[in-house]
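> Read off the chains here:
Number of protein chains: 2
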Amino acid sequence: MRISTKGRYALRLMLDLATYSSGEPIRLKDVARRQEISEKYLEQIISVLNKAGYVRSIRGPQGGYVLQKTPQDYTVGMILRLTEGSLTPVECAEGEGGLCSREENCATRILWKKLDEAINGVVDHVTLADLMEWQAGAGDDYVI
Amino acid sequence: MRISTKGRYALRLMLDLATYSSGEPIRLKDVARRQEISEKYLEQIISVLNKAGYVRSIRGPQGGYVLQKTPQDYTVGMILRLTEGSLTPVECAEGEGGLCSREENCATRILWKKLDEAINGVVDHVTLADLMEWQAGAGDDYVI
DNA sequence: GTAATTCCTAGAAACTCAATATGAATTGCA
DNA sequence: TGCAATTCATATTGAGTTTCTAGGAATTAC
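If you read the protein sequences in the order shown, they are chains F and D.
Start counting the first sequence at 1; every next residue gets the next number (the working numbering).
Start counting the second sequence at 1; every next residue gets the next number (the working numbering).
No lab work stands behind these hints, which were simulated from the structure alone.
Be a bit skeptical, because a hint or two may be false.
Identical chains share a label here; the pair holds if one copy fits it or two copies do between them.
Below, simulated DMTMM-like cross-link-like pairs (lysine to aspartate or glutamate); rule was C-alpha separation at most 25 angstroms, straight line [to be verified]:
hint, residue 1, residue 2
1, Lys113, Glu103
2, Lys6, Asp116
3, Lys29, Glu43
4, Lys6, Glu94
5, Lys69, Asp124
6, Lys113, Glu94
7, Lys6, Glu117
8, Lys6, Glu84
9, Lys113, Glu133
10, Lys51, Glu104
With the hints as constraints, model all of the structure from the sequences given.
Structure representation (structure tokens):
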């Protein structure tokens, strides 16, 4: 039950854009160098974020990317779900059901729903702005 | 970030053994029929549970499996970790660290630790006995 | 001794992951 | 106007994982 590199890199990418934001567009090459991630792989990842309107791209020399909104407008859940797909641990735990004949009286489904809620409780309440604060060193005593 | 069928089947297998326990050993063939899971696949899964001492096997005719302990002695976390491997969402969030050069001031690591705690908070507090109760229909108003 | 069961190992088809490769499109600037 | 820097789009690939299936060996109640 691992978060893939795609989701993790997307998060670091967005956090990098937030951290090094200065009005000027930020080149992917610089993100790749700072985060030690392949630039080509980052291209694929940011393409998803771009199509979703999470970042704005400027082409050509002096081009790059900027965040579309402020860091507190992006939850970790938004970014992970976009790049990673659903975060629900079991398919039958999302939506209203109808996927499984065993659904009535299915004890494990109740379990998966609880697990889903616990995961959402974290990812939907932490924002890029929180990550920036934690980065500054105050992370250990932050409580959700 | 999905739980694989192996972990889910292991849980249903253990729950089935708990539910249909009667002193007599329970044949895998019956579990397979009730749970609609391939018997051959179940063999592989129960082999892990057997080696870990979670179930006891009786060979030969009238053979089968029985739970080694009572249902409240098995947490969902024990069963999933055994069959699924670690449940930690990102490798660097388990143990004491030393895996990553970026570790100091790594905001995302703090996030992954929080997510890990949230997941453990569910799986380490729900037992097979809880699942049995939920199966009986009282699931919806159960609160951890 | 036979049939019912568990036990063991190998293999295979499909899928996912984590990139890499190649080149086209766009555009600021000399 | 043309060059170079950047984003954009698509295809491919190698490794690994998942989810089984296959075949048979070992054990044992009757």
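> Given a CA cutoff of 25 angstroms, do Lys6 and Glu84 count as a within-copy pair, a between-copy pair, both, or neither?
The answer is both: 7 angstroms in one copy and 21 angstroms across copies each meet 25 angstroms.
> Could you place Lys6 and Glu117 in one of the four classes (within, between, both, neither) given a Cα distance threshold of 25 angstroms?
Both: 23 angstroms inside a chain and 22 angstroms across chains, each within 25 angstroms.
> 25 angstroms Cα cut-off: does Lys51 pair with Glu104 within a copy, between copies, both or neither?
neither (39 angstroms within a copy, 33 angstroms between copies)
> For Lys113 and Glu94, with the copy left unspecified, which applies at a CA distance of at most 25 angstroms: within, between, both, or neither?
both (8 angstroms within a copy, 24 angstroms between copies)
> Between copies, within a copy, both or neither: which fits Lys113 and Glu103 at Cα up to 25 angstroms?
Within one copy only: 12 angstroms inside a chain, 32 angstroms across chains, cut-off 25 angstroms.
> For the identical chains here, do Lys6 and Glu94 meet the 25 angstroms Cα criterion within one copy, between copies, both, or neither?
both (22 angstroms within a copy, 20 angstroms between copies)
> Measure nothing new, just compare the shortest in-copy and cross-copy C-alpha distances for Lys69 and Asp124 to 25 angstroms and report within, between, both or neither.
Result: close within a single copy only, 17 angstroms intra versus 38 angstroms inter.
> Tell me, please, which holds for Lys113 and Glu133 at an alpha-carbon limit of 25 angstroms: within, between, both or neither?
between (31 angstroms within a copy, 16 angstroms between copies)
> Evaluate Lys29 and Glu43 at a C-alpha cut-off of 25 angstroms and name the case that applies: within, between, both or neither.
For Lys29 and Glu43, only the intra-copy Cα distance (10 angstroms) is at most 25 angstroms; the inter-copy one is 51 angstroms.
> With identical chains, the pair Lys6 and Asp116 could be close in the same copy or across copies; at 25 angstroms between alpha carbons, which is it: within, between, both, or neither?
So Lys6 and Asp116 pass the 25 angstroms test inside a copy (20 angstroms) and across (19 angstroms) alike.
In summary, the one numbered hint that this structure violates is 10.
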